[in-house]
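Trainee: In case you want the letters, here they are:
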Amino acid sequence: MPAESDTLIRVESLTAGYGDRTILENVSFEVNRGEVFVILGTSGCGKTTLLRNIIGLELPLSGRVWIGGDDLVSADEEVLQRIQRRFGVMFQGGALFGSLTLLENVRLPLEEFTELNDEAIDWVARMKLQLVGLQGSEDRMPGELSGGMQKRAAIARAMALDPEILFLDEPSAGLDPVTSAGLDRLILDLSSILGVTFIVVTHELQSIYAIASRAIMLDREVRGILAMGTPAALRESPPHEKVRRFFHREAETEPVGPGGSGGSGNGRVRGGAS
Amino acid sequence: MSVDADISMREGRLVLEPAGDGALTLRFLGALDNTTVPFLWGEVERLGAETSGRRWVVDAGGITKMDGSGMALLLRVRCLGAGKGREVELRGISPGYRRLLERFDPAAYRTIERQDPCCQSLPEQVGRTVLQMWADFRIQVSFIGELAAAFGRAAMKPETVRWRDLWLAAERAGADALPIVALISGLVGLVLAFQAGMAMRPYGAEIYVANLVTIAMLRELGPLMTAILLSGRSGGAFAAEIGTMKVNEEVAALATMGLSPVAFLAVPRVVGLVLMVPLLTLFANVAGIAGGALMFLTLDYPFSTYFDQVLASAEIRHLMSGLVKSVAFAWTIAGVGCLRGLQTQRGPSAVGQSTTSAVVTSILLIVILDAILGTVFYFLQF
Ligand SMILES: Nc1ncnc2c1ncn2[C@@H]1O[C@H](COP(=O)(O)OP(=O)(O)OP(=O)(O)O)[C@@H](O)[C@H]1O
Ligand SMILES: [Mg+2]
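In the order they appear, the protein sequences are chains A and B.
Yeah, the first sequence ends on 385 if you go by our numbering, and it's all consecutive.
Yeah, the second sequence ends on 643 if you go by our numbering, and it's all consecutive.
Among these hints, one or two may not hold up.
Claimed, not checked - Per the computed footprint, the stretches of chain A lying under chain B, defined by three or more beta-carbons under 8 Å from a beta-carbon of chain B, are: (1) 155 to 162; (2) 225 to 234; (3) 237 to 251; (4) 266 to 273.
Hint data in this document are derived by calculation from the structure and do not stem from the laboratory.
Yeah, the Cβ is synthetic: ideal placement off N, Cα and C, and Gly gets one too.
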């Protein structure tokens, strides 16, 4: 991590929701430049919602989101676009353009926003695809790819313009451990060498330990941040029962059935201890 | 080259310096990102094409900032050098950038050549199209077979039919379409009466406008207009609904539950439409004849005259031939709509394609069927 720890993203008492349904209340946190910031939480707790509010796809019900020195909430269309040019976003569902090949998907932002010639764009796009291990699939359509491949292609597209900030919504879900570890490595390299700031939603404990400089954990009942800190700290001294459960991969209810009531229980999986 | 060649005066620069023993130093200075690379790229290409038979020393020590396009440029320099049998040495690059660059294998990129977008020759295109049509035809035949089998099973066990879907399809395709069908047919009847009236007036034969409108509506226009409207309205909707399910793998989910997609999705829709189209056609007939009446009244004939003429010419065989056609049309619309939906490929544009194809195919088939049935009825004197 770079030595300077200036704040790049500041979320101030953000309240987000859909219609009159509030999902998150009064969420505040800061992300420093070059950090890999991880958002955790159980399914449906509002991680994607938080992300969509930070990148300006949804207008927060209240609160502010500062990116560098610009407030994204009060920004007009033009400013918003300028801010968004600093982002690369990988959506949970991939969101590749189905009518374009993988290469064309990655080429698209380069064609629109740079003056590189055709050949240079080809090279850059192919290199991005190679970074995520998709060399050789350049000319295939997104519809012909496996779920994990689509995910990786979406990451490549998000990286096309070498944005300062990369938002990845569950990049490693559905990937095998080897590919997933490769992705972790890539994230670390990009953040340490190029100073890219990452905001990553993920559930993979191993990946969290590998990449996260800091993490926040959201919760549905609290409707906000349950805990914040480095993954190691969250694991060793969890501030809340739920945090402990998350980092130790325990179910919410005690297992029933044979051996279920056993004290230190073989039903409990202590997988996170690796 | 004896003088330093300052190629770009931007923030990123490429300086060329001849070194000893025929080597050339390419010194990159400043930022190598997507604001400067567009200018440097062409120079590097030209350098690769011009100078040959030398050793290249790429000095990256002066690079202050580099992004993906900068890395692509360095990789390109390597390949260009190696392509002409030159030895390329990369110097002075920071360990971090070197690590990133090592992720790319220059050998894998040497093959990047822009292929021309493959243009097919005319015979090839014709051949492909014919093959495509043949494959399409086979799929249609097998679909018809499957649909017939599904109907057989449904007739044996009516309780397996999804009645709720059937009523829903009937309501959407039938009741909801009534206003538009009535409006269009009414207008068609009106326009028909007007044009015919204009043509017949010189002969004093305006009275036969009523006969013309009646027979034309019953035999041709009622069924045809209804069918064309419904192929856009319902056929397209069937294809889009089923196509979306196909794209979302819902169809696959049905199949793995042991439910036949044809029986589950197509049968209720086909039955719903076959029930509704003849009914709508009846309404279309009435609306068309009423539209004709509106026109006829402006010709200063009493309404009762028109009415008498209509009754005299509206033989039951005209009505029946129209209704037989409308049943055939209904099969076509629903069948093609469901088939195109089930044929939907993966990818988001696929649904649009199958919807378009459903509408176009069913209108085409309807017109062809109309011609065939018209001829058959003529010879049968029906
Ligand atoms: N477009 C929407 N309209 C209404 N409610 C929504 C919408 N999108 C999400 N929600 C609701 O907001 C809550 C949070 O959803 P969100 O997608 O942010 O969850 P998540 O934390 O990303 O979950 P997951 O890990 O499963 O992706 C859920 O209860 C969901 O039902
Ligand atoms: Mg989500």
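Trainee: Now look at each hint and say whether the structure bears it out.
Mentor: The hints, checked one at a time:
1. 155 to 162: With 0 residues in contact (Cβ-Cβ under 8 Å with chain B), the coverage given for the region 155 to 162 of chain A is violated.
2. 225 to 234: Since three or more residues must qualify, the claim that chain B covers the region 225 to 234 of chain A holds, with 9 doing so at under 8 Å.
3. 237 to 251: Answer holds; 6 residues pass the 8 Å Cβ test.
4. 266 to 273: Result for this restraint: holds, n = 4.
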